[in-house]
Amino acid sequence: MKVLVAVKRVIDYNVKVRVKSDNSGVDLSNVKMAMNPFCEIAVEEAIRLKEAGIATEVIAVSLGVKACQEQLRTALALGADRAIHVESEEELESLNVAKLLAKVVEEEQPGIVILGKQAIDTDNNQTGQMLAALTGMAQGTFASKIDVQGDKALVTREVDGGLQTVELNMPIIATTDLRLNEPRYASLPNIMKAKRKPLAVKTIEELGVSIKAHTKLVAVTPPPERQGGIKVTDVAELVDKLKNEAKVI
Amino acid sequence: MSVYQHPYKDADFVIRHLLEFDEFCESNGLDEVNSDFANVILSEAGKFAAKYLVEQNQQGDLQPAKLMEGKVLETPGFADSYHNFVEQGWPSLSASEEFGGQGLPNLFSVACNEIWQSANLAFSLCPLLGQGAITALEKHGSESLKTQYLEKMISGQWTGTMNLTEAQAGTDLAAIKTRAEREAGQYRIFGQKIFITWGDHQMAENIVHLVLARLPDAPAGVKGISLFIVPKYLLDEEGNPSTENDVRCLSLEHKMGIHGSPTCVMSYGDNDGAIGYLVGEEHCGLRYMFSMMNHARQGVGVQGLGVSERAFQGALEYASQRVQGSDKAGNSIRIIQFGDVRRMLLMMKSGAEAMRALCYSAGFEDDIKSRSSGDEQQATAAKVAFLTPIVKGWSTELAQELTSLAMQVYGGAGYIEEAGVAQHVRDARILPIYEGTTGIQALDLTIRKTLLDNAAQANAFIDEIQQTVDTLKSQDEGGHLYLGLASALYDAKSALEWLAKNPKQADSVAANNLQLWGYLLGGWLMAKSAIKAEQLLEQALGDSDFLKAKLVTAKFYTEHFLVRTKACIASIEAGSDAITSLSEEQFFSHVN
Numbered sequence: 001m002k003v004l005v006a007v008k009r010v011i012d013y014n015v016k017v018r019v020k021s022d023n024s025g026v027d028l029s030n031v032k033m034a035m036n037p038f039c040e041i042a043v044e045e046a047i048r049l050k051e052a053g054i055a056t057e058v059i060a061v062s063l064g065v066k067a068c069q070e071q072l073r074t075a076l077a078l079g080a081d082r083a084i085h086v087e088s089e090e091e092l093e094s095l096n097v098a099k100l101l102a103k104v105v106e107e108e109q110p111g112i113v114i115l116g117k118q119a120i121d122t123d124n125n126q127t128g129q130m131l132a133a134l135t136g137m138a139q140g141t142f143a144s145k146i147d148v149q150g151d152k153a154l155v156t157r158e159v160d161g162g163l164q165t166v167e168l169n170m171p172i173i174a175t176t177d178l179r180l181n182e183p184r185y186a187s188l189p190n191i192m193k194a195k196r197k198p199l200a201v202k203t204i205e206e207l208g209v210s211i212k213a214h215t216k217l218v219a220v221t222p223p224p225e226r227q228g229g230i231k232v233t234d235v236a237e238l239v240d241k242l243k244n245e246a247k248v249i
Numbered sequence: 250m251s252v253y254q255h256p257y258k259d260a261d262f263v264i265r266h267l268l269e270f271d272e273f274c275e276s277n278g279l280d281e282v283n284s285d286f287a288n289v290i291l292s293e294a295g296k297f298a299a300k301y302l303v304e305q306n307q308q309g310d311l312q313p314a315k316l317m318e319g320k321v322l323e324t325p326g327f328a329d330s331y332h333n334f335v336e337q338g339w340p341s342l343s344a345s346e347e348f349g350g351q352g353l354p355n356l357f358s359v360a361c362n363e364i365w366q367s368a369n370l371a372f373s374l375c376p377l378l379g380q381g382a383i384t385a386l387e388k389h390g391s392e393s394l395k396t397q398y399l400e401k402m403i404s405g406q407w408t409g410t411m412n413l414t415e416a417q418a419g420t421d422l423a424a425i426k427t428r429a430e431r432e433a434g435q436y437r438i439f440g441q442k443i444f445i446t447w448g449d450h451q452m453a454e455n456i457v458h459l460v461l462a463r464l465p466d467a468p469a470g471v472k473g474i475s476l477f478i479v480p481k482y483l484l485d486e487e488g489n490p491s492t493e494n495d496v497r498c499l500s501l502e503h504k505m506g507i508h509g510s511p512t513c514v515m516s517y518g519d520n521d522g523a524i525g526y527l528v529g530e531e532h533c534g535l536r537y538m539f540s541m542m543n544h545a546r547q548g549v550g551v552q553g554l555g556v557s558e559r560a561f562q563g564a565l566e567y568a569s570q571r572v573q574g575s576d577k578a579g580n581s582i583r584i585i586q587f588g589d590v591r592r593m594l595l596m597m598k599s600g601a602e603a604m605r606a607l608c609y610s611a612g613f614e615d616d617i618k619s620r621s622s623g624d625e626q627q628a629t630a631a632k633v634a635f636l637t638p639i640v641k642g643w644s645t646e647l648a649q650e651l652t653s654l655a656m657q658v659y660g661g662a663g664y665i666e667e668a669g670v671a672q673h674v675r676d677a678r679i680l681p682i683y684e685g686t687t688g689i690q691a692l693d694l695t696i697r698k699t700l701l702d703n704a705a706q707a708n709a710f711i712d713e714i715q716q717t718v719d720t721l722k723s724q725d726e727g728g729h730l731y732l733g734l735a736s737a738l739y740d741a742k743s744a745l746e747w748l749a750k751n752p753k754q755a756d757s758v759a760a761n762n763l764q765l766w767g768y769l770l771g772g773w774l775m776a777k778s779a780i781k782a783e784q785l786l787e788q789a790l791g792d793s794d795f796l797k798a799k800l801v802t803a804k805f806y807t808e809h810f811l812v813r814t815k816a817c818i819a820s821i822e823a824g825s826d827a828i829t830s831l832s833e834e835q836f837f838s839h840v841n
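In order, the protein sequences belong to chains A and B. The end of the first sequence is residue 249 by our numbering, with every number in the run present. The end of the second sequence is residue 841 by our numbering, with every number in the run present.
Please note: incorrect hints may appear among the correct ones.
[Claimed, not checked] Lysine-lysine pairs mimicking DSSO-like chemistry, simulated, CA-CA at most 27 angstroms apart:
1. B:K781 to B:K258
2. A:K195 to A:K32
3. B:K296 to A:K32
4. B:K742 to A:K195
5. A:K231 to B:K296
6. B:K296 to A:K50
7. A:K66 to A:K202
8. B:K781 to A:K193
9. A:K197 to B:K296
10. A:K32 to B:K300
11. A:K2 to A:K247
12. B:K722 to A:K16
13. B:K296 to A:K66
14. B:K472 to A:K32
15. B:K388 to B:K618
16. B:K722 to B:K618
17. A:K193 to B:K472
18. B:K722 to B:K750
19. B:K258 to A:K66
20. A:K202 to A:K2
21. A:K145 to B:K296
22. A:K247 to A:K231
23. A:K16 to B:K300
24. B:K742 to B:K797
25. A:K32 to A:K16
26. A:K20 to B:K472
27. A:K50 to B:K300
28. B:K258 to A:K16
29. B:K300 to B:K258
30. A:K20 to B:K797
Read the hints as simulated data drawn from the structure, not as lab findings.
Construct all of the structure, not just a fragment, from the sequences and the given hints.
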């Protein structure tokens, strides 16, 4: 059984995010980029499935600019067997990503597709669900446990107020939550080996998907800066300010 | 708790632009090794350090290793980190592929060592000593010793130590008394060694001690010293550790810093004699030790960089958050806004960047050396030999000033252990002492590497620096970088001339000569960095914030560090008159 794992290149979680001065987006020039942390969990789970003898091959796929190949090399260094890069200079919105992934799924016929539940840059939380709809595969989102049993998979989901376990017919789509596993670090010998693992580059045209914009990013604004506090002399002044300035009571 | 993040942008700048590493890789046909790949390796090393080493740094300080029933128990948690370090393959980075190493350039090893040392200086000493022992065996060990020991040492499953010092034999190794006796196919070692870093611990299956000792018929002095391998556990027929050898740790030193690194008094041959195996030939041990001295001394220089960078990052974080005072409009001021705090931060920033440029350059010369031949190899070897005492002596001395400035930024809070900066000050203090004191480095540079070399290598550097001066002049004749570097270069030339005329006073002026060269080479590399940064900015390539900061940092270095060559040359030209005039009694004349 093949496992396909999707990997997104995002701004490194350690970086202090700056918004562009024209509010057109987050300033990504010369900032450190890394694999989306939820995708790291997805890669780890795929490798564990292979180590457990359930998966035979782990294929990492990423969509976007050429530099995404850095994150694919990281996935290969962590233990993926080969990688596919779908090149696009344009930023791809979730539905287009899902359509492209659906094509890759069609070609590769994986038993399990694992994605991060969301990416830390746009926080959309929808690609996995859209991919499930497009491929007609069963979905187990926000997974904290994936247990493959023959042609079924038990996926434990982190839902409000507790855990929900669903039984899905294979093949499945799973999206990862934080507690699914703790990702490993790439070892030096594996980083060396990753240089020689196959990485195929495909274009959107080759996959035969027409890209259509469904949403438009209007503006990105940073959260308001915290204002300094003031001292009030008595309760009456406090109530007055809460009522008339903050307008919260 | 002090913070640490690998300064990946500066490391990349030095490797990619200052050293032009990609051109080297291309001309040497290195398969897929390049600056991008260096980035991949360093970024993984940075992640590893952040997870396993950074926080344990303070733990090592607070819970030093203990000696219990003859065994050294290392700081709790260190063994786990060490196992992970080995499992991730880090010890094998630049070791030879023949014995399971990854064969990567020494430059990668230097850059990774900076990370380990910033993250946890005490911990990093264990693999650093291992690297030294590996180099000695690779170069001088017999095939059978290499087959038995190298693979496990390179993987890190076994660690290595260096046993030189004895109570009466510190700088003067000729005074070594540890003796070795011949026995069929092996030797028995008897004696006591002190200051043995990571001499015992429970993190690895075996410890391979490299020990200097003297045979009964050995010539007197340094030409009668032999080098032996003495394993903690003797190997069985399959090559696995089995019975305990006659070697043990007698006691641990109570030190000012690097508490997490056990410094052992080692006893060999309390009973029948510790079984040892000769490395190379009898009586040649000191020569073998010297062949890896460059490596070890440069390694300590990088520690100066590592601890300075760590202390700087802590001080920077503190200065950007600590609020003191307010401006006229009533807005509170963070101390990073004060001129003198900015000065101190820039001292640390420019000092650490200059050290990084120098340490990486010297490490890279080693790669050039090992991939060249004939005259070019000899020329590079002479360069490495000249740079080594400067990397060691200058970086570790500068680290004293920079870690101390870091504490100053914290004010009173810095003097309290909780802030974490005190540990860096204490840890740093050993660096100008061990692996050859600054005084020894200064003599090595001034007498052996300069006077006995007829200043050939010194003049070769002067010519190289002159080219940079010419470039700067053509770009901006009135510029501070040009004026600063030209003037410091003039000081170096004056020092050489003075030395040639007054060779007998060399030992009195050596320390100032060493510092002069350190500040000059640092200033040269910062100027070259500025030239590169300017080019990249003109082509609108790279991170303009970083590159513009590099220009300012180079300017600051020139104005605050490079000018120190003037003080150095003044002291050099004053010669040994005052230094040698006092009688020993006169030293006591204020109390007696």
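Hint-by-hint comparison with the structure:
1. B:K781 to B:K258: Measuring from Cα to Cα gives roughly 14 angstroms; hence the hint holds.
2. A:K195 to A:K32: Answer holds: A:K195 to A:K32 is near 21 angstroms, not above 27 angstroms.
3. B:K296 to A:K32: holds, 13 angstroms
4. B:K742 to A:K195: This hinted pair is violated, its Cα atoms lying about 48 angstroms apart.
5. A:K231 to B:K296: violated, 44 angstroms
6. B:K296 to A:K50: holds, 24 angstroms
7. A:K66 to A:K202: Distance of about 11 angstroms is within 27 angstroms: holds.
8. B:K781 to A:K193: Violated - the C-alpha atoms of A:K193 and B:K781 are around 33 angstroms apart, more than 27 angstroms.
9. A:K197 to B:K296: holds, 23 angstroms
10. A:K32 to B:K300: Within the cut-off at roughly 18 angstroms; holds.
11. A:K2 to A:K247: The given pair, whose Cα atoms are some 57 angstroms apart, is violated under the 27 angstroms limit.
12. B:K722 to A:K16: Not satisfied, since the Cα-Cα distance of roughly 39 angstroms exceeds 27 angstroms.
13. B:K296 to A:K66: Within the cut-off at roughly 23 angstroms; holds.
14. B:K472 to A:K32: violated, 54 angstroms
15. B:K388 to B:K618: It holds: about 15 angstroms lies between the C-alpha atoms, which stays within 27 angstroms.
16. B:K722 to B:K618: With Cα atoms ~31 angstroms apart, B:K722 and B:K618 exceed 27 angstroms; violated.
17. A:K193 to B:K472: violated, 46 angstroms
18. B:K722 to B:K750: Since the Cα atoms of B:K722 and B:K750 sit roughly 31 angstroms apart, the hinted pair is violated (cutoff 27 angstroms).
19. B:K258 to A:K66: Holds, at roughly 20 angstroms.
20. A:K202 to A:K2: Within the cut-off at roughly 19 angstroms; holds.
21. A:K145 to B:K296: holds, 26 angstroms
22. A:K247 to A:K231: holds, 18 angstroms
23. A:K16 to B:K300: holds, 20 angstroms
24. B:K742 to B:K797: violated, 31 angstroms
25. A:K32 to A:K16: With Cα atoms ~10 angstroms apart, A:K32 and A:K16 stay inside 27 angstroms; holds.
26. A:K20 to B:K472: Cα-Cα ~68 angstroms, so violated.
27. A:K50 to B:K300: holds, 25 angstroms
28. B:K258 to A:K16: Status holds; Cα separation ~15 angstroms.
29. B:K300 to B:K258: Roughly 20 angstroms between the alpha carbons, so the hint for B:K300 and B:K258 holds.
30. A:K20 to B:K797: It holds: about 19 angstroms lies between the C-alpha atoms, which stays within 27 angstroms.
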